[in-house]
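A.B. asks: Keeping their order, the protein sequence lines are chains A and B.
Quick note on the numbering used here: the first sequence kicks off at 47 and runs consecutively.
Quick note on the numbering used here: the second sequence kicks off at 47 and runs consecutively.
I should point out that these hints are in silico values taken from the structure, not numbers from a laboratory.
Treat the hints loosely; a few may be bogus.
A pair counts as met if it fits within one copy or between any two copies, since identical chains are not told apart.
Claimed, not checked - The calculated DSS-like cross-link candidates involving lysine-lysine, where the alpha carbons are at most 27 Å apart (straight line), are: (1) Lys-231 x Lys-58; (2) Lys-233 x Lys-106; (3) Lys-172 x Lys-58; (4) Lys-233 x Lys-58; (5) Lys-106 x Lys-58; (6) Lys-193 x Lys-222; (7) Lys-193 x Lys-58; (8) Lys-96 x Lys-58; (9) Lys-96 x Lys-231; (10) Lys-96 x Lys-172; (11) Lys-231 x Lys-114; (12) Lys-193 x Lys-233; (13) Lys-122 x Lys-106; (14) Lys-231 x Lys-122; (15) Lys-233 x Lys-114; (16) Lys-172 x Lys-122; (17) Lys-122 x Lys-96.
This structure is a prediction, so every number in the text was calculated from the model and none was measured.
Below, each chain spelled out in residue letters.
Number of protein chains: 2
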Amino acid sequence: MIRNRIPDVVVKRLVTYLSVLLHSDFEDGDFVSSAQLGDLAAVNGAQVRKDLALFGEFGKQGVGYPVKALREQITKILGADREMPLSVFGIGELGTAIVRYIAGRRRSDPNYRFWPVALFDEDPRKIGTSVEGIVIHPLSDMETVLKELDVKIGIIAVPASAAQSVVDRAVASGVKGFLNFAPTKLKVPPGVRVHYTDVTLELQELAFYI
Amino acid sequence: MIRNRIPDVVVKRLVTYLSVLLHSDFEDGDFVSSAQLGDLAAVNGAQVRKDLALFGEFGKQGVGYPVKALREQITKILGADREMPLSVFGIGELGTAIVRYIAGRRRSDPNYRFWPVALFDEDPRKIGTSVEGIVIHPLSDMETVLKELDVKIGIIAVPASAAQSVVDRAVASGVKGFLNFAPTKLKVPPGVRVHYTDVTLELQELAFYI
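Here chain A stands alone, though its shape is the one from the complex (with noise of 0.2 Å):
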């Protein structure tokens, strides 16, 4: 299948199977069940075949799947294995919640690839000061800096009346890619994604169920 065919709701699933092969107790020898990787990911067994067959024949009928042989290959399929630098923009208490977050799942896995190389925040009492070693810049530097560090992904925690402009520059200046945790909907041009995490969603289905 064409990498860039794979529909958005099987990246999302490859990526916990993934993120359950690599946290989960296995051994690189194990082999693992669609019904067991099903259950550590909350996705039906027949689903888990289903999304794993879109990329070759990796399963074996009645033993189940190589764990060494499917993280790699899930790995492969998400380019998981490239370094991506990241840039955070707004340096208050979720922007610096999340640069600690990074820096230490950094430190407890050799191989987490991302990395917050730029931090930007328009408070000049912040600005020239770091955290987690890494420098505060001032937003109007945003333009040199993230060219300079060919940063692609950014993560927006300024406030929501703060953040289109933000974008608009980032993306001026080459990134992708944003994971965007101001309340408020971003505009991009085609070519570059903008992924949500909102508090209130997550809040309002949760309390669906209670």
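Using the hints provided, position chain B relative to the given structure of chain A.
C.D. replies: Using the frame of chain A, we list chain B on its own:
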């Protein structure tokens, strides 16, 4: 359709439709087509029609759905008009950012129904202080406070190593649903729900497209 038979994916989309209907520039008297609603919710129009048809006929051929009635109907289906007191566990940078975010949303939207009624941390320097006017209690008071305030939703922002024990105790005190920010899998008994917010999974997914 019986409320507890609605598939999870449909619940997720209904939450998105409602959010779009509440936060786009629709007037009460407007009509919205399935194509329009789909565009705003990043779902195709046929899927929108299929989802909404599950709850009876409230669209008109060639005119669309009346915005006000649709909003009220989805609110009713989701139970999104009930007040939802919640509790935040772990008032570090992330927990503080979450409390401030919810407080801000509540200030700007009189219908916002989530509200942190109790915060918990184990750091003696934080206990007794408050964030957005909400007092931080010691984890040791959890059982008393949660039962007294009838808290049903918990937001987990403690370190991964502490998450399971906090969840176990909160479940024993009547909490029915968790939004988990700790990078760890949580075990809960049947009838209790956990939703995961994992920045790493979001970044993996986003990176695929870049």
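A.B. asks: Each hint needs a verdict: does it hold in this structure or not?
C.D. replies: Now for the hints, and whether the structure bears them out:
1. For the homomeric pair Lys-231 and Lys-58, the shortest alpha-carbon distances inside one copy (21 Å) and between copies (17 Å) are both at most 27 Å.
2. When the C-alpha separation of Lys-233 and Lys-106 is checked against a cutoff of 27 Å, the pair qualifies neither within a copy, at 45 Å, nor between copies, at 30 Å.
3. For the identical chains of this complex, Lys-172 and Lys-58 are neighbours neither inside a copy (36 Å) nor across copies (38 Å), given an alpha-carbon limit of 27 Å.
4. Within a single copy, Lys-233 and Lys-58 get their C-alpha atoms as close as 22 Å, and across copies as close as 22 Å, so both meet the 27 Å cut-off.
5. Taking CA atoms no more than 27 Å apart as the test, Lys-106 paired with Lys-58 passes inside one copy only; the shortest distance there is 24 Å, against 34 Å between copies.
6. Within a single copy, Lys-193 and Lys-222 get their C-alpha atoms as close as 12 Å, which meets the 27 Å cut-off; across copies the closest is 47 Å, which misses it.
7. In this assembly of identical chains, Lys-193 and Lys-58 lie within 27 Å of each other by CA distance neither inside one copy nor across copies; the values are 29 Å within and 37 Å between.
8. For the identical chains of this complex, Lys-96 and Lys-58 are neighbours both inside a copy (14 Å) and across copies (23 Å), given an alpha-carbon limit of 27 Å.
9. Only between protomers do Lys-96 and Lys-231 lie at most 27 Å apart by alpha-carbon distance; the minimum there is 25 Å, versus 33 Å within a single protomer.
10. Taking the closest pair of Cα atoms, Lys-96 and Lys-172 never come within 27 Å of each other, the shortest separation being 50 Å inside a single copy and 50 Å across copies.
11. Proximity of Lys-231 to Lys-114 under the C-alpha cut-off of 27 Å is restricted to the inter-copy arrangement: shortest distance 21 Å between copies versus 40 Å within a copy.
12. Taking CA atoms no more than 27 Å apart as the test, Lys-193 paired with Lys-233 passes inside one copy only; the shortest distance there is 21 Å, against 44 Å between copies.
13. In this assembly of identical chains, the alpha carbons of Lys-122 and Lys-106 lie at most 27 Å apart only when taken from the same copy (20 Å versus 47 Å across copies).
14. Proximity of Lys-231 to Lys-122 under the C-alpha cut-off of 27 Å is restricted to the inter-copy arrangement: shortest distance 25 Å between copies versus 32 Å within a copy.
15. Only between protomers do Lys-233 and Lys-114 lie at most 27 Å apart by alpha-carbon distance; the minimum there is 26 Å, versus 40 Å within a single protomer.
16. Taking identical chains as interchangeable, the C-alpha atoms of Lys-172 and Lys-122 are never at most 27 Å apart, the minima being 39 Å within one chain and 45 Å between chains.
17. Taking the shortest Cα distances, Lys-122 and Lys-96 sit within 27 Å of each other inside one copy (18 Å), while across copies they are farther apart (36 Å).
Violated hints, in rising order: 2, 3, 7, 10, 16; the structure is consistent with all others.
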